Amino acid sequence: EAGVTQFPSHSVIEKGQTVTLRCDPISGHDNLYWYRRVMGKEIKFLLHFVKESKQDESGMPNNRFLAERTGGTYSTLKVQPAELEDSGVYFCASSQDRRRGEQFFGPGTRLTVL
Amino acid sequence: GNSVTQMEGPVTLSEEAFLTINCTYTATGYPSLFWYVQYPGEGLQLLLKATKADDKGSNKGFEATYRKETTSFHLEKGSVQVSDSAVYFCALSAHNAGNMLTFGGGTRLMVKP
Chain A
1 EAGVTQFPSH SVIEKGQTVT LRCDPISGHD NLYWYRRVMG KEIKFLLHFV
51 KESKQDESGM PNNRFLAERT GGTYSTLKVQ PAELEDSGVY FCASSQDRRR
101 GEQFFGPGTR LTVL
Chain B
1 GNSVTQMEGP VTLSEEAFLT INCTYTATGY PSLFWYVQYP GEGLQLLLKA
51 TKADDKGSNK GFEATYRKET TSFHLEKGSV QVSDSAVYFC ALSAHNAGNM
101 LTFGGGTRLM VKP
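Going line by line, the protein sequences match chains A and B.
Mapping of the first sequence onto the numbering used here: position 58 corresponds to residue 58, and the numbering continues sequentially without gaps.
Mapping of the second sequence onto the numbering used here: position 54 corresponds to residue 54, and the numbering continues sequentially without gaps.
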């Protein structure tokens, strides 16, 4: 069974540009989470989908970030326009049973904003 | 709010040395506790977990015990190997917070032959 996949693995863009990150969860996992780690600090929660619905988006830093999960399968996270402080590693995770709390992570997308 | 504090690294050990990485937490209610590991070039992998007080999680020779009285979940291994070199993250999941994970800052472990 395929794990969580993320695309691209690396992205280098200039300030003001737009970037879209993609996450494909494990098949059958209704719960999808986005996290990010900025400059070697803690990994911080961004948002949580249950199927196609946003369950919790309290971690989204501002309205330059837009996440979608159309059809309850893959998810995209768009940053528009990107700022220098958005640089970091963006992780996606999925889980089948929210109550267990066990989440399976993708390899992450390293975003560098110049 | 919920928070996790773990010892800063890097931690450098010789092969077969004893490892302890300290982790303490603050949470309301009764969280589940986790250790995740990130090997070079890879994503985070669940190493072990404990869901209630006094539970011991174990995997690959690593152990951690859920200590409610000291709000701790320290990671230990009796004899580390070079292949254990990685970044280790302590995390908690609180049922009153939608089961999102709250992470510590990560501890880099380097094991030398």
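Take these hints with a grain of salt, some might be off.
Within a straight-line C-alpha distance of at most 27 Å, the following computed DSS-like cross-link-like pairs (lysine-lysine) qualify [unchecked claim]: (1) K68(B) <-> K78(A); (2) K15(A) <-> K44(A); (3) K77(B) <-> K41(A); (4) K41(A) <-> K68(B); (5) K112(B) <-> K68(B); (6) K54(A) <-> K112(B); (7) K51(A) <-> K78(A); (8) K112(B) <-> K44(A); (9) K52(B) <-> K77(B); (10) K60(B) <-> K77(B); (11) K41(A) <-> K15(A); (12) K60(B) <-> K112(B); (13) K68(B) <-> K52(B); (14) K41(A) <-> K54(A); (15) K15(A) <-> K51(A); (16) K77(B) <-> K56(B); (17) K44(A) <-> K56(B); (18) K78(A) <-> K44(A).
Hints listed in this document are in silico derivations from the structure and should not be mistaken for laboratory results.
The model shown is predicted, which means the values in this text are computed figures rather than measured ones.
Results for each hint:
1. K68(B) <-> K78(A): Not satisfied, since the Cα-Cα distance of roughly 40 Å exceeds 27 Å.
2. K15(A) <-> K44(A): 22 Å, holds
3. K77(B) <-> K41(A): 25 Å, holds
4. K41(A) <-> K68(B): At roughly 26 Å apart (the allowed maximum being 27 Å), K68(B) and K41(A) satisfy the hint.
5. K112(B) <-> K68(B): 34 Å, violated
6. K54(A) <-> K112(B): Given that 27 Å is the threshold and the Cα spacing comes to 45 Å, the pair is violated.
7. K51(A) <-> K78(A): The hint holds at about 18 Å.
8. K112(B) <-> K44(A): Status violated; Cα separation ~31 Å.
9. K52(B) <-> K77(B): 21 Å, holds
10. K60(B) <-> K77(B): Judged against 27 Å, a Cα distance of about 9 Å means the pair holds.
11. K41(A) <-> K15(A): Between K41(A) and K15(A) the Cα gap is close to 21 Å, so the pair holds against 27 Å.
12. K60(B) <-> K112(B): At roughly 19 Å apart (the allowed maximum being 27 Å), K112(B) and K60(B) satisfy the hint.
13. K68(B) <-> K52(B): Cα-Cα ~8 Å, so holds.
14. K41(A) <-> K54(A): 25 Å, holds
15. K15(A) <-> K51(A): Outside the cut-off at roughly 32 Å; violated.
16. K77(B) <-> K56(B): Judged against 27 Å, a Cα distance of about 13 Å means the pair holds.
17. K44(A) <-> K56(B): 26 Å, holds
18. K78(A) <-> K44(A): 17 Å, holds
In this structure, the earlier hints numbered 1, 5, 6, 8, 15 are contradicted, and the remaining ones agree with it.
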